[in-house]
Amino acid sequence: MATQTIPLNQNAEVNSDKLVEMFRQMLLIRRFEEASEEAYAHGQIGGFLHLYIGQEAVAVGAISVLQPQDHIITAYRDHGHAIARGLDTNALMAELFGKSTGVSHGKGGSMHLADVSKHFWGGHAIVGGHLPTAVGLALAVQYQHQDAVVLAFFGDGATNIGLFHESLNLAAVWHLPIIFLCENNLYGMGTAVSRASAAERMVDKACGYHIPAQQMDGMDVVAVRQTMDEVVSTVRSGSGPHFVEALTYRYRGHSMGDAQRYRTSHEVKEWEERDPINVFQHILIDQGILNDKQVGQIIREVNHEIEVAVKFAEESPEPDPEALYQHIYVED
Amino acid sequence: MAVITYREAIRQAISEEMERDPKVFIMGEEVGIWGGTYAITKGLMDQFGDKRVRDTPISEAAIVGGATGAALAGLRPIAELMTINFGLVAMDAIVNEAPKYHYMFGGQMTVPLTIRAVGGGGRQLAATHSQTLDVIFAYFPGLKVVLPATPYDAKGLLKAAIRDDNPVLYIEHSLLYPHKGEVPDEDYLVPLGKANVMRQGSDVTIVSYSRMAQISLEAAEALSQEGIEAEIVDLRSLRPLDMETVLDSFRKTFRCVIVEEGWKSYGVGAEISTRIYEEAFDYIDAPIKRVAGAEVPMPYARNLEQLAIPSKDDVIQAVHEVLGIA
Numbered sequence: 003m004a005t006q007t008i009p010l011n012q013n014a015e016v017n018s019d020k021l022v023e024m025f026r027q028m029l030l031i032r033r034f035e036e037a038s039e040e041a042y043a044h045g046q047i048g049g050f051l052h053l054y055i056g057q058e059a060v061a062v063g064a065i066s067v068l069q070p071q072d073h074i075i076t077a078y079r080d081h082g083h084a085i086a087r088g089l090d091t092n093a094l095m096a097e098l099f100g101k102s103t104g105v106s107h108g109k110g111g112s113m114h115l116a117d118v119s120k121h122f123w124g125g126h127a128i129v130g131g132h133l134p135t136a137v138g139l140a141l142a143v144q145y146q147h148q149d150a151v152v153l154a155f156f157g158d159g160a161t162n163i164g165l166f167h168e169s170l171n172l173a174a175v176w177h178l179p180i181i182f183l184c185e186n187n188l189y190g191m192g193t194a195v196s197r198a199s200a201a202e203r204m205v206d207k208a209c210g211y212h213i214p215a216q217q218m219d220g221m222d223v224v225a226v227r228q229t230m231d232e233v234v235s236t237v238r239s240g241s242g243p244h245f246v247e248a249l250t251y252r253y254r255g256h257s258m259g260d261a262q263r264y265r266t267s268h269e270v271k272e273w274e275e276r277d278p279i280n281v282f283q284h285i286l287i288d289q290g291i292l293n294d295k296q297v298g299q300i301i302r303e304v305n306h307e308i309e310v311a312v313k314f315a316e317e318s319p320e321p322d323p324e325a326l327y328q329h330i331y332v333e334d
Numbered sequence: 002m003a004v005i006t007y008r009e010a011i012r013q014a015i016s017e018e019m020e021r022d023p024k025v026f027i028m029g030e031e032v033g034i035w036g037g038t039y040a041i042t043k044g045l046m047d048q049f050g051d052k053r054v055r056d057t058p059i060s061e062a063a064i065v066g067g068a069t070g071a072a073l074a075g076l077r078p079i080a081e082l083m084t085i086n087f088g089l090v091a092m093d094a095i096v097n098e099a100p101k102y103h104y105m106f107g108g109q110m111t112v113p114l115t116i117r118a119v120g121g122g123g124r125q126l127a128a129t130h131s132q133t134l135d136v137i138f139a140y141f142p143g144l145k146v147v148l149p150a151t152p153y154d155a156k157g158l159l160k161a162a163i164r165d166d167n168p169v170l171y172i173e174h175s176l177l178y179p180h181k182g183e184v185p186d187e188d189y190l191v192p193l194g195k196a197n198v199m200r201q202g203s204d205v206t207i208v209s210y211s212r213m214a215q216i217s218l219e220a221a222e223a224l225s226q227e228g229i230e231a232e233i234v235d236l237r238s239l240r241p242l243d244m245e246t247v248l249d250s251f252r253k254t255f256r257c258v259i260v261e262e263g264w265k266s267y268g269v270g271a272e273i274s275t276r277i278y279e280e281a282f283d284y285i286d287a288p289i290k291r292v293a294g295a296e297v298p299m300p301y302a303r304n305l306e307q308l309a310i311p312s313k314d315d316v317i318q319a320v321h322e323v324l325g326i327a
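If you're matching them up, the sequences are chains A and B in order.
Numbering of the first sequence is given in my numbering, commencing with residue 3 and proceeding in unit increments.
Numbering of the second sequence is given in my numbering, commencing with residue 2 and proceeding in unit increments.
These are calculated hints, taken from the structure and not from any lab test.
Some hints here could point you the wrong way.
Selected chain B positions facing chain A (in silico; Cβ < 10 Å) [said to hold, decoys possible]:
hint	residue
1	Met28
2	Ile34
3	Gln48
4	Arg53
5	Asp93
6	Glu98
7	Tyr102
8	Tyr104
9	Phe106
10	Asp165
11	Lys195
12	Ala196
13	Val198
14	Arg200
15	Ala302
Cβ pair distances, simulated, as ranges [to be verified]:
hint	chain 1	residue 1	chain 2	residue 2	range
16	A	Glu316	B	Glu279	40 to 46 Å
17	A	Glu333	B	Asp283	29 to 35 Å
18	A	Asp260	B	Glu279	54 to 60 Å
To list a few chain B residues with every Cβ distance to chain A over 12 Å, as calculated [stated by the list, open to error]:
hint	residue
19	Glu31
20	Thr57
21	Val65
22	Met105
23	Asp166
24	Tyr189
25	Gly228
26	Glu245
Glycine residues also receive a C-beta, built at the ideal position from the N, C-alpha and C atoms.
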């Protein structure tokens, strides 16, 4: 799992812009998560809050290769994917604050971020519950002969639930344009993969369904992008489903209030040394794509965007009481 | 008006809606080559091809969940569960995904999904395959639950369900499949959430639905011989629940018997009677009676099974009781 994978492509002009944008997005996610952690501590955010810190390279690298017509669906650790898809940080933060200006009008919260106009279908809180939905999105693509793929994110924990197996099988039987992207961060809540899964390599679980599968270094955004570029092209060309396992790590607890008795601080520190943002920043500077001054400028812009988002969330109104009974059904 | 079976009414509804809208398709176990375990989808694969009549693996969660995803993306799927009992392994998809999306994501998602399943007992299929689980599903806001009692409603409700933009669970009764009735030749819909007065009467209101509405009708014909005229309200839909029609009838008869095939505890009778007590207390002339299935896992033996399912005589007896006839 070397982090020194930098065969950056030939077309330097286009690619360096893209690389800088990926760097900016990773920073934006990191800062968004830090700000929401702080707001949670102040009681401004309720419920669960599952932070994506440490895993930024996966969402950013994978989503960077998608087209606007492609579909994305994910689990409850969804802030990073939403930001990488370009959802408005104001509306995202407002959703965490339970405000009417939130992406889901304050009805969904942290685990249920969505923006249908961007084909970002949530944010789903039942482990594995969104995987059949993902398969159905892919069925709709195939049924309507659309030039699109579905990218479904889920964690290692979801691979132990029946829904996962039904979904992989059906996607394979029907040859659907879907990429199952498993973010293996080594723990399903507090239970290590080795204690929960007979197969420790998630890719092995795709074999039984004859779905091509590969691992990638989820701490290396360039590696993620390159792997996903190939996989998405293959699936787009009609190959049927693919499975990708990103080897990654979350630095924070599962949610807030996690004593983290299941791992050592030494282990966390080891992963932090391979921090996807730090490593990528060094690469960009080494390659001459960015200089220190430009990095500083990006950091300031990102910090500002998040400050604005928090302020927007704080100042936004709560949902109107009559919203309680709105949207139970689509009315005629 | 043609006279057709309940089974044929369902088949026609599916076929006509698929003809009408290319976004409508059906997926489920044995719906294609086999033609449906209860022969509902017979001939549809020949008519529409295997893209629109899709055989699935035995994966109920993926059938309902997959159809949910397709509905999100703009299709109008019909997901068939071989029986409602198998819906229990797809509970997350049926009650915790599809009915939540519209609300939970602030109105931006819609799930125009129809789930079809057959329920009820009476075919000696024993405890796991003979259940009436309607109220479990009717508990959830966001899901509509409809249950036809006649061929007319079977067709009209299913067509309305398919055209509805919400997830609708449409529960059939296997003993009603051969039941015949009049169905218009032209296109028609039966609105979801509107009860039907199946029979007019002034002495007692019988509230029922699905097969038990037909049993109640038989009881009412027998009661009529004694000079007792029962009004029968077929709920047709458990959610939304049309209490207006029930209350209008009750304010006329002042007496009520509620007949359901499911278990009495926490059931439809409990809900309807409580609402009558809440909303029409001053009209009550006699304690409301409930007729319901025996609270046992359904036995296999023919005689025991028959004892467990409400009969015409049970309904007649309950009506006698509310009228004070010993």
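Checked hints:
no. : hint                              : in the structure
1   : Met28                             : 8 Å, holds
2   : Ile34                             : 15 Å, violated
3   : Gln48                             : 17 Å, violated
4   : Arg53                             : 8 Å, holds
5   : Asp93                             : 5 Å, holds
6   : Glu98                             : 6 Å, holds
7   : Tyr102                            : 8 Å, holds
8   : Tyr104                            : 5 Å, holds
9   : Phe106                            : 5 Å, holds
10  : Asp165                            : 8 Å, holds
11  : Lys195                            : 13 Å, violated
12  : Ala196                            : 18 Å, violated
13  : Val198                            : 24 Å, violated
14  : Arg200                            : 30 Å, violated
15  : Ala302                            : 34 Å, violated
16  : A:Glu316 <-> B:Glu279: 40 to 46 Å : 43 Å, holds
17  : A:Glu333 <-> B:Asp283: 29 to 35 Å : 33 Å, holds
18  : A:Asp260 <-> B:Glu279: 54 to 60 Å : 45 Å, violated
19  : Glu31                             : 15 Å, holds
20  : Thr57                             : 7 Å, violated
21  : Val65                             : 7 Å, violated
22  : Met105                            : 5 Å, violated
23  : Asp166                            : 4 Å, violated
24  : Tyr189                            : 17 Å, holds
25  : Gly228                            : 44 Å, holds
26  : Glu245                            : 18 Å, holds
Hint compliance for this structure: hints 2, 3, 11, 12, 13, 14, 15, 18, 20, 21, 22 and 23 are not met, and every other hint is.
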